[in-house]
Amino acid sequence: MSLYVEDAALIMSVQDAGRTGYQRFGMPVSGPMDWRAHRSANLLAGNSGGSACIEIGFSSCQVIIERDTLLSVCGAGFNLSVNGRELPMWTAAIAKSGDILRLEKIDGGSWVYLAVAGGFETPVWLDSRSVFPRAGLGHLLTAGERLPISVLSDQKRLLAGRSFPLTERPAYSQTPTISVIPGPHQDRFTAETFEAFFREEYRLSHQSDRMGYRLKGKPLAHKRGADLVSQGMALGQIQVPADGQPIVMMPDHPTTGGYTSIGTIARADLPLLAQAQPERSVIRFRRVDTTTAAQELLRINQSLSADIFSQEDSWMGL
Amino acid sequence: MKNDPVPLPLRFSPVGECALLVELGDEILLDTCRQVWGLDRQMRQEPLRGVDFWVPAYTSLLVHYDPCVVTPAQVRSWIEASSHGKQLSSADQPNRVVIPVRYGGESGPDLDSVAKAHDLTPAQVVEKHTQPVYRVGMMGFMPGFAYLMGLDPVLATPRRDTPRTFVPAGSVGIASNQTGVYPLESPGGWQIIGRTELSLFNPSKQAPFLLSPGDEVQFVALKDGAVL
Chain A
1 MSLYVEDAAL IMSVQDAGRT GYQRFGMPVS GPMDWRAHRS ANLLAGNSGG
51 SACIEIGFSS CQVIIERDTL LSVCGAGFNL SVNGRELPMW TAAIAKSGDI
101 LRLEKIDGGS WVYLAVAGGF ETPVWLDSRS VFPRAGLGHL LTAGERLPIS
151 VLSDQKRLLA GRSFPLTERP AYSQTPTISV IPGPHQDRFT AETFEAFFRE
201 EYRLSHQSDR MGYRLKGKPL AHKRGADLVS QGMALGQIQV PADGQPIVMM
251 PDHPTTGGYT SIGTIARADL PLLAQAQPER SVIRFRRVDT TTAAQELLRI
301 NQSLSADIFS QEDSWMGL
Chain B
1001 MKNDPVPLPL RFSPVGECAL LVELGDEILL DTCRQVWGLD RQMRQEPLRG
1051 VDFWVPAYTS LLVHYDPCVV TPAQVRSWIE ASSHGKQLSS ADQPNRVVIP
1101 VRYGGESGPD LDSVAKAHDL TPAQVVEKHT QPVYRVGMMG FMPGFAYLMG
1151 LDPVLATPRR DTPRTFVPAG SVGIASNQTG VYPLESPGGW QIIGRTELSL
1201 FNPSKQAPFL LSPGDEVQFV ALKDGAVL
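If you read the sequences in order, they're chains A and B. Mapping to this note's numbering: the first sequence position 93 is 93, numbers consecutive. Mapping to this note's numbering: the second sequence position 74 is 1074, numbers consecutive.
It is worth saying that the hints were derived from the structure and are not from the lab. Keep in mind that the hints are not guaranteed to be accurate.
Covered stretches of chain B, as calculated for chain A (at least 3 residues, CB under 8 Å) [claimed, not checked]:
1. 1045-1057
2. 1065-1074
3. 1128-1140
What the simulated footprint calls covered on chain A by chain B, stretch by stretch (three residues with Cβ under 8 Å from a Cβ of chain B suffice, anywhere in the stretch; the number is not a length) [stated by the list, open to error]:
4. 20-29
5. 127-140
6. 179-188
7. 223-233
Predicted model, so just to flag it, every value in this text is computed and none were measured. Heads up, the beta-carbon is just placed ideally off N, CA and C, and yes, glycines get one too.
Based on the sequences and whatever the hints tell you, model everything.
In structure tokens, the structure reads:
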């Protein structure tokens, strides 16, 4: 009674909200690349925001639903179809046993999240279901695997048809302007370097993964070299190694690092960067202060906890 | 303590709106590390709601918090209160971990070249490597990896010119003035002088990590054929 993976995407893994509490021992947090899409998919499926979803990245995949369930798909860069019929994302729907669900990769993003009612009850390691293959905590999904789905309650059935209004979805773009809080190593870059960083365009390199997004652009110059005594690193922190090409820390990033950082991406805008497409998206940065960034994060969190769904009556089942 | 301890000079810098960096110094010194561990201990005794976790390093702690629950000013006051009026480094009572190591041979393929590079015999390298009581200065790089302080400077050896594509878990290595144990199999450029059968990281155990920041570590050489 499960979900069957018929065709796996390039990077496809189970992710919950992440694994906190073991970072002092060097364990990355993991969790979703696009936290808003992940949380939204869960809320639509009637789950708590941090339940385990399937994260699907960079290429198409196909799964077969083997037990009736309520599901939702949120994110960008994919078309969703069920039994060959195209369906909207960011909407909750009933899927019946035997339904074939296809996610076709298109432009406009890189990751989507598939949530089912009750979440995927896969193994827990160190208090989390987030897969982190590098440390032997699970593996990327491959064709032929099955993930358990729980029984669909009558109550959950009633949630079908709810949808996220367009205004409440992240403003994904092929040319995003992303908010960055400068620091903490301001004194290691010149004023001109900061100006250049907030003026120039960047592209995402193909050498990007769940650990880090490598950006390509005009090299950023340091004062007194790129190295420092290793210290903790945060999600979205932008390291600048000696070659001057920034690397943004993504959820599987190491907990510590020894390169200077020019800034950190505001959590509210991290989904916009996460959804960038290698070599295609044109990325710019703008300066924001911590207070403004925190207010924006609070606004989004409140919107995600309030009852913001609209009902699409035409969309009651598949 | 009769005289009041001098408050620690703490430097605070935001790392985005969800993390605050606290720096206690600029150089890797045992004394600074002990202050970091002391502050860490105080913070763990009286945690603050909204602070999710923090990562102690050689000279700093990075404190991750939820700005929808707590403000950076509140986080800062809590850290300052944790440091004030306390002899942070005096309560340092480290846990000691003994790590049995099989040096040389298949377990330590670089032992002979490390010895040669310093005009020592392999036995002398083993002696110098097992002599100090090391401290876990910080953890990072990969789950369970400890940066050890206290390597005999005589043993400092640059990384291999060509990194290996596969280094087994438990391998004990040297890279410039650092020594450490690979908790997981991984590619790597450290000079591998031995291997332990202890797991530095085992997710199925109640205590998944063998080492913690601040621990003392002593390597003990296993003779050929000896069992753990």
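So which hints don't hold here, by number, going up?
none
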